[in-house]
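The chain contents come next:
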Amino acid sequence: MAAGRGTPLISVTDLEVHFPTDEGLVRAVDGVSFDIFPGRTLGVVGESGCGKSTVGRAILQILDRPGRIVNGSIELRLDPETDPDDAVDLASLGPNSGPMRAVRWADISLIFQEPMTSFSPVHTIGNQMIEAIRSHRGYSKREAREWAVELLSMVGISNPRQRIDEFSHQLSGGIRQRAMIAMAISCEPKLLIADEPTTALDVTTQAQILDLLRELQESQGMAIMLITHDLGVIAEMADEVLVMYLGRGVEFGPSDDMFHNPKHPYTTSLLTSIPSIYTKRGERMQPIAGSIPHPFNRPPGCTFNPRCPSFMPGVCDHDPPLFLPLEGPHLVRCFLYHDAQGNPVTAEAENDG
Amino acid sequence: MTEAAVPARQVEVTEEERVFVASQWQLMWWRFKKHRAAVIAAWVLVFLYVIAVAAEFFSMAHPEDVETSIGYLAPQTIHWFDSGFHPHVKAVSGGIDPESFQRVYETDPDDKIPVHFFVRGFEYKFLGFIKIDRHLMGVPEGYDRAGPYVLGTDRLGRDMWSRLMYGTRVSMSIGLVGVGISLLLGVSLGGVSGFFGGITDTVIQRLIEIVRAVPTLPLWMALAASVPRDWGPLKLYFAITIVISLFAWTDTARVVRGRFLAMREEEFVMAARLAGASTARVIFRHMVPSFASHIITVMSLAIPGMIIAETALSFLGLGLQAPAISYGVLLQAAQNLQAVALYQWLMVPAIAVTVAVLAFNFMGDGIRDAADPYSQ
Amino acid sequence: MLAFLIRRTVLAIFTIFSISIFSFMIIQLPAGDYVDSYILRQIEEGFGGVQRSSAEGLLERKEALRKLYGLDRPMYIQYFKWIGRVVQGRFGQALEYRLPIWDVIKDRLFLTIILAAATIVFTWALAIPIGIYTAVKQRSIADYSFTFVGFLGLATPDFLLALILMYMAFVYFNFSVGGLFSPEFQSVGWSLARAWDLFVHLWIPALILGTSGTAGLIRVMRANLLDELRKPYVVTARAKGLAEWRLIMKYPVRVALNPLVSTIGYLLPYLISGSIIVSVVLSLPTLGPVLLQSLFTQDLFLASSIILLLGVMTVVGTLLSDILLVIIDPRIRIS
Ligand SMILES: Nc1ncnc2c1ncn2[C@@H]1O[C@H](COP(=O)(O)OP(=O)(O)OP(=O)(O)O)[C@@H](O)[C@H]1O
Ligand SMILES: [Mg+2]
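Residue numbers (the working numbering), protein chains in the order written: chain A, 1 to 353; chain U, 354 to 729; chain S, 730 to 1064.
Next up, chain A with everything else stripped away, as it sits in the complex:
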């Protein structure tokens, strides 16, 4: 869209993911659109349970049962620079289909919050890395092992030849996450989805891991989708930001715009709920007034309306707002800016609200 960012590597449009459970239908993701650009970082923020992880997993189609993508598209451009029209819609591929499996790890890989449980407890680190490498590259066992050793030293693990034959429980938390990152970049993916990669680590280790991710992004040129609770991390790392609330994307735009000129009342309250915008790392998001509605009992209209400081009776609790562009690349889902038909709201009306 905007100049300088080029064609998106991934365009997610109107994504909806449902979990039909015994208790009822959980609309974990209920309309999310965003772009991820080659070599850049998208930060995803929102309160716990708003569907951040689910979006990340939906891209790889590795949702837990009984989750399903019920609507929307996930367009992946393998070569956005030279051939922007060559796109596959990942949402249309079967979760166990060959093409989908080929995309996994080779083009898009994933790291989690819990490095302890992301590795199998009964297989060595090397075993799992070599398996990943060999299932996407025609390497021999020895070549794959050499490459794995190189990757381990690339992520700053000393003594990689010994570490490669260890089990994950023999490593410290930071080293484990480094090993996970090494495995994640083993097939040189175009996108790394990092789901709260530092939440389980202590503050110094957090900083090291974030630095490592940034270095790797520079040297490998991969894009990162960084899911986090931590606005400080977003401010430091992200080029674009997606704000989610109750499964919906409520604001998406360049990081600077978002921090200096937030549009959605939810984003505004997120930012004011912490002392300083460029806060220290590790600072957790403060809760906003009011509580998150029960998943089966969502308010009508804009789901944020019971907690919204700019609540407009008769408007916000009626129809759901649309996720529409504001100025250039900035999207927002709020009746302060668009009416129910999607027409822009005039400046006076905005001031009234």
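The hints are simulated quantities; they were obtained by calculation from the structure and are not laboratory data.
One or more hints might be untrue.
Claimed, not checked - Only pairs whose alpha carbons sit at most 20 Å apart, straight line, appear in this in silico EDC-like list of lysine to aspartate or glutamate:
#	chain 1	residue 1	chain 2	residue 2
1	S	Lys960	S	Asp1058
2	U	Lys443	U	Glu476
3	U	Lys387	A	Glu23
4	U	Lys484	U	Glu494
5	S	Lys866	A	Asp64
6	S	Lys960	A	Asp83
7	U	Lys387	U	Asp604
8	U	Lys386	U	Asp722
9	S	Lys960	A	Asp64
10	S	Lys979	A	Glu23
11	S	Lys979	S	Asp1058
12	U	Lys478	U	Glu420
13	U	Lys387	A	Glu196
14	U	Lys386	A	Asp22
15	S	Lys979	A	Asp85
16	S	Lys866	A	Glu196
17	U	Lys386	A	Asp64
Since the structure is predicted, the reported quantities are computational estimates derived from the model, not experimental observations.
Given chain A's structure and the hints, the job is docking chains U and S with the ligands onto it.
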């Protein structure tokens, strides 16, 4: 001043705890009701225990009435209608076939013996103190036979149906009493182990570990064999029940200990202790209620084991003895394969055992899921 | 790891010691001892019609008999004499059989072990695949059916199952289940043909004995695997683009199997207990029927030898499964 402060603190704690416990029970009940198999199983058990309580009322004949002339009589069908609602059975007569030495019976289609509801029969004490002689069904006075023999008779011509009713009382109650004793044992040992910790805990843990690592059946068989055979039925009943209760106490003890260890540090226990409650009070007033759901789960899953244990021991001749009647005692007759092949109704107690055990398992599973939805 | 094994071994020896004391003591509990019940039966059977004087004569012989068998000494002396001989491999005389105890039970001990081993193999071979399938296909018709059948299997006591099976075989096939050998192999020496005959006869008792274990193991395997399937490392493996069945077999199944190895240890006591009753019903030549007989006749030494051997067998089996667990689980190996 301090005197005033302490009770206030205590009231607060128990109040809070009551709300917590109540809502927990409600949640459990709500989840249990959704478990359809468990609810059906619970009704089956209610039915079995109603029989256990009122075994005499459901009996159609006295279980000890010997009538050798009708030994091994096949189950009779009750014909409900005969120009209107006139339940009756057809009279039988028979003797021993001189060639095969087997019993042969002939039904006389025209000799109808009526079956009435709420008939007078042998006198008994309902619930142990109300003297009555009414039975749910039976042959009215004036006819020379008891019955109807809906489940046939055994070798001595005793009514299997009535014996099954009495057996239900004994077997089902042994399960309950046994689990009660085993609970007492498990809770005290587990509780002491978990509450005091340290060396006490270690010793009790080793003991449990050893008991669990050993095939206990031979030991309990030996123990049961050592119960003097000349003891009266009631004494024998309790002796065997105590032996049977040894089958399951380790599970209870482990659960209780685990809970105690987890809860020793918890706030309301600390609060109660700080408030000056005695150790026993802390255990029984505060700690036990909060893991009652776990105990109920363990118990409901232990009862079927007890019923099986009783049946097995009695079946082997090491448990209850005639004249006591239990599922196991009744099944002794089924040890004779020839007899079973000819008189299949001798196996009916096996069905009763299986139904009871199945029902307890289903209900126990439902309770477990309801108590702790995250465990499998 | 060495510490773990030493700890286990020490505990095992301690357990065996406790079993020996316990089994010895328990047999002392009956009001009478072997001599009493022997005399009683002599009076009932052989001397039923004879005058009282010869019965009284028997009673006088009682003390002599007690001395002969060492039954007049204090209990702990009897125990130490007994255990001292047992440690040397001499179990003493089976009073009833008038044979050395070892001769009475050695074949039966062997067959008990074979039966237990066959049952474990049977249980695992059936339960693991079914457990995996029902977990992966959770909430399918197959899952529900296996759950129901499993419940039936758990609920039906082994010996009832044996009775029912025997009854059906007898009535419908006019064939008698029972025993571990065909008549022609009953009492001949070991040969290949006899081993095959044993193998052919073994599966029915193993099936009966194994049902509740199988049903239980299916449930444990299913539950374990369901837990593991939710773990992040499975998601990682999936995200790596591995094929679904391959990754399931390599990761969660492997992890879910580990704790099951230790269940062999837990299974053994139940199996041995169960085998006693089933053997009585099916009249299998294992230790069960002899134990029951010895309890009826109050043959103290025979009964405690059997209980001790069953206990030792179980403890050793459990120890072996512990060692196996150490070998296959790196988490235990290291810590
Ligand atoms: N397997 C599942 N079955 C049912 N509901 C699920 C499942 N997984 C997620 N959900 C629901 O989807 C919603 C979004 O969950 P998700 O894990 O994506 O949130 P999140 O934003 O990542 O939260 P957190 O910040 O705590 O990680 C939640 O309401 C959750 O209850
Ligand atoms: Mg998440």
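(request) Starting from U:Lys386, check that the Cα of U:Asp722 is at most 20 Å away, please. (result) holds, 11 Å
(message) Run the distance test for U:Lys387 versus A:Glu23: straight-line Cα separation, threshold 20 Å.
(response) Roughly 11 Å separates the two Cα atoms, so the pair holds.
(message) Given the hinted pair U:Lys484 and U:Glu494, is their Cα-Cα distance within 20 Å?
(response) Roughly 18 Å between the alpha carbons, so the hint for U:Lys484 and U:Glu494 holds.
(message) Check whether the Cα positions of U:Lys386 and A:Asp64 lie no farther apart than 20 Å.
(response) The hint is violated at about 28 Å.
(message) Between the alpha carbons of S:Lys960 and A:Asp83, is the straight-line distance 20 Å or under?
(response) violated, 38 Å
(request) Verify the proposed pairing of S:Lys866 with A:Asp64, using a straight-line Cα cut of 20 Å. (result) Cα-Cα ~14 Å, so holds.
(message) Given the hinted pair S:Lys979 and S:Asp1058, is their Cα-Cα distance within 20 Å?
(response) holds, 14 Å
(message) Check the hint pairing S:Lys960 with S:Asp1058 against an upper bound of 20 Å on the C-alpha distance.
(response) Since the Cα atoms of S:Lys960 and S:Asp1058 sit roughly 18 Å apart, the hinted pair holds (cutoff 20 Å).
(message) Check the hint pairing U:Lys386 with A:Asp22 against an upper bound of 20 Å on the C-alpha distance.
(response) holds, 14 Å
(message) Hint check: U:Lys387 vs A:Glu196, CA-CA at most 20 Å. Holds or violated?
(response) Between U:Lys387 and A:Glu196 the Cα gap is close to 37 Å, so the pair fails against 20 Å, i.e. violated.
(message) Just to be careful, I want the Cα atoms of S:Lys866 and A:Glu196 compared with a cutoff of 20 Å; is the pair within it?
(response) Measuring from Cα to Cα gives roughly 31 Å; hence the hint is violated.
(message) Can you confirm whether the C-alpha distance between U:Lys443 and U:Glu476 stays at or below 20 Å?
(response) Violated: U:Lys443 and U:Glu476 sit about 26 Å apart, past 20 Å.
In this structure, the earlier hints numbered 2, 6, 7, 10, 12, 13, 15, 16 and 17 are contradicted, and the remaining ones agree with it.
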